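Enquirer: Line by line, the protein sequences are chains A, B and C. Residue numbering for the first sequence follows our numbering, beginning at 4 and increasing consecutively. Residue numbering for the second sequence follows our numbering, beginning at 397 and increasing consecutively. Residue numbering for the third sequence follows our numbering, beginning at 4 and increasing consecutively.
Keep in mind that the hints are not guaranteed to be accurate.
Straight-line Cα separation of at most 20 Å, EDC-like style, residue types lysine to aspartate or glutamate; simulated pairs [said to hold, decoys possible]:
1) A:125 x B:521
2) A:122 x B:527
3) C:260 x C:121
Just so you know, these hints were derived from the structure itself, not from any lab. All values reported here derive from a predicted model rather than from experimental measurement.
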Amino acid sequence: MAGSEYVDDQSILDEEELWRRVPPRLIIFDNNLGVYRPTSSAFVDSPDGSPMSVVMASEAEKLNRTADSVLIGHEGYSLVSIKVSFVRSLNLGVVRNPLPNEQAHALVFGNKTKSVQRKLAKSAIWVIHYQDQTPP
Amino acid sequence: MTSSTLEHSQSQFLSESESWSTSTLPESARLVRDSSAHWLSEVVAELVAFLSLKPNWDSYEAIPVRIENVKTAIELLFNFSAASTPRPSVVPTNLGGVQIEWHQKAIDLEIEIHSPVAIDVCFEDLEKGVEREYELRSDLHILEDLVSKLSQQ
Amino acid sequence: MGQGLPNFDKPPLFEVALAVQFQPLENFKSAHLGLLWERYRDEFPLIEEHCLLEPQFERFGIRRTSTVPFKLEMMDRPPTPRCWFVKENGSQLIQVQRDRFIHNWRKRGEEANYPRYEAIRDLFEKELVEFASFVAEESLGPLEFNQCEITYVNEIEPNSVWCEHSQLNRILTVFSDDSGEQELPKLENANLRVRFLLEGDDGKPIGRLHVNVEPRHRADSGKPIYFMTLTARGAPKTSDVNGLMHFLDYGRQVVVKSFASLTSKEMHGTWEGPHD
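Extracted from the complex, chain A is given alone in its bound form (with noise of 0.2 Å):
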């Protein structure tokens, strides 16, 4: 389990709301809830097994950036995000991580079962919504 080794950070607010990018190959539609949304597959842990990237909207606020600096380079990629309420209700702990090229960085750790993965992706909400598709 990716994460053990990390402690729930009570400073990050319940309230705070957590992006993570989606490149296009990662969305799809749900018929049951009649929208396009990532699927459960873009809520992993990374391979080399750290914790899930995220990078904490209030802290890029506080740098003056904007939900779009976070897809700089990323063409065609949507970003989503998910309270941190939500994600401390799924058992799942976060972190800051800041790094060099992201000071607003954290990671989401704990088990992502399917289950937990799919809640994850039903729950994220368009930020910015890269769209080239047309429903099915």
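We have chain A; now place chains B and C onto it with these hints.
Expert: Frame of chain A, contents of chains B and C only:
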């Protein structure tokens, strides 16, 4: 009779056998064209296109999709889809796998192929509130039953 | 190991192969085959290149056979070939490709004696351990075994029991040309492909036994001959060498018992057995 003449006939014999390890030829590839799901060829083309994804295709260090997983996905679709099976979505996964998924008829069905012998399945009947997860290796009996639920009118 | 198994003094064996398939080694390149050969070269001084074997998996609960219904290849780089490292007399060889390791014994010459399973098994295990150490030293990736198989190819010669292909019922216990009250035309020959399920202790399928029987004629004399191939294939219980060898031992038992069970007592007499 010389050994070499015998070898010749042996070679012909093995070219049609089930064995892949004898020292002669493997079984010839055969084409199956009798699946009647109208969307199959389009979905197969999508799956094959995954093979051109480069490392870091998701911007989060994803590895390229492995050919054996694409192949397994195609085999599963050929085997489990009928004319009445709705078209699935197919997506690559960041560990080189492939996911086949349906979200219709109040059913969510996701089949994640990690390798040809490691397949995770997640099924949810949204009306009945039933959710099940399966970790499959070589016994895929459950898949036919789950996919057939999507095919029912 | 061979206790309790039917044993023939003169088995009609032509070839035996012990094989394992694993997750393709992504970093395995043609140059590695040369480096690997160095480790076996003293005993296997000859080398041959062959086309790749397609991956094979025994799966259950699917309508179609395990046969791969299509061919899918990456064309962005030339495939790393399958190499044979062959003994001077051609009787034994190692086959390697990026997802396979195989050891074959082949009958060479009328007088060649079958060295018996135990001897071939020991060689295979020793060579595989060497291969595993090579893979680790060269950082070629994890060696995760996913299927293994044991194959016996038998060459059934005409003798006092049968002399033409139509007499398959004299060779096999499971074949009859008796049509009862109905009339069948005269049988000319038969080509059989039979699959048996191998089940674990819990009754769940763990593999298959494939039996193929095919009529042939010797190219030089035109004499009829039947080839009978028995292959036990499945996933090892654990993906390490122990799990693999356990499956091969089990598969060997299945193959040997099934061969004795599928062939007639009259034929057993000509092979001088079986002894337990």
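Enquirer: Decide, hint by hint, whether the structure agrees.
Expert: Checked hints:
1. A:125 x B:521: holds, 15 Å
2. A:122 x B:527: holds, 12 Å
3. C:260 x C:121: holds, 16 Å
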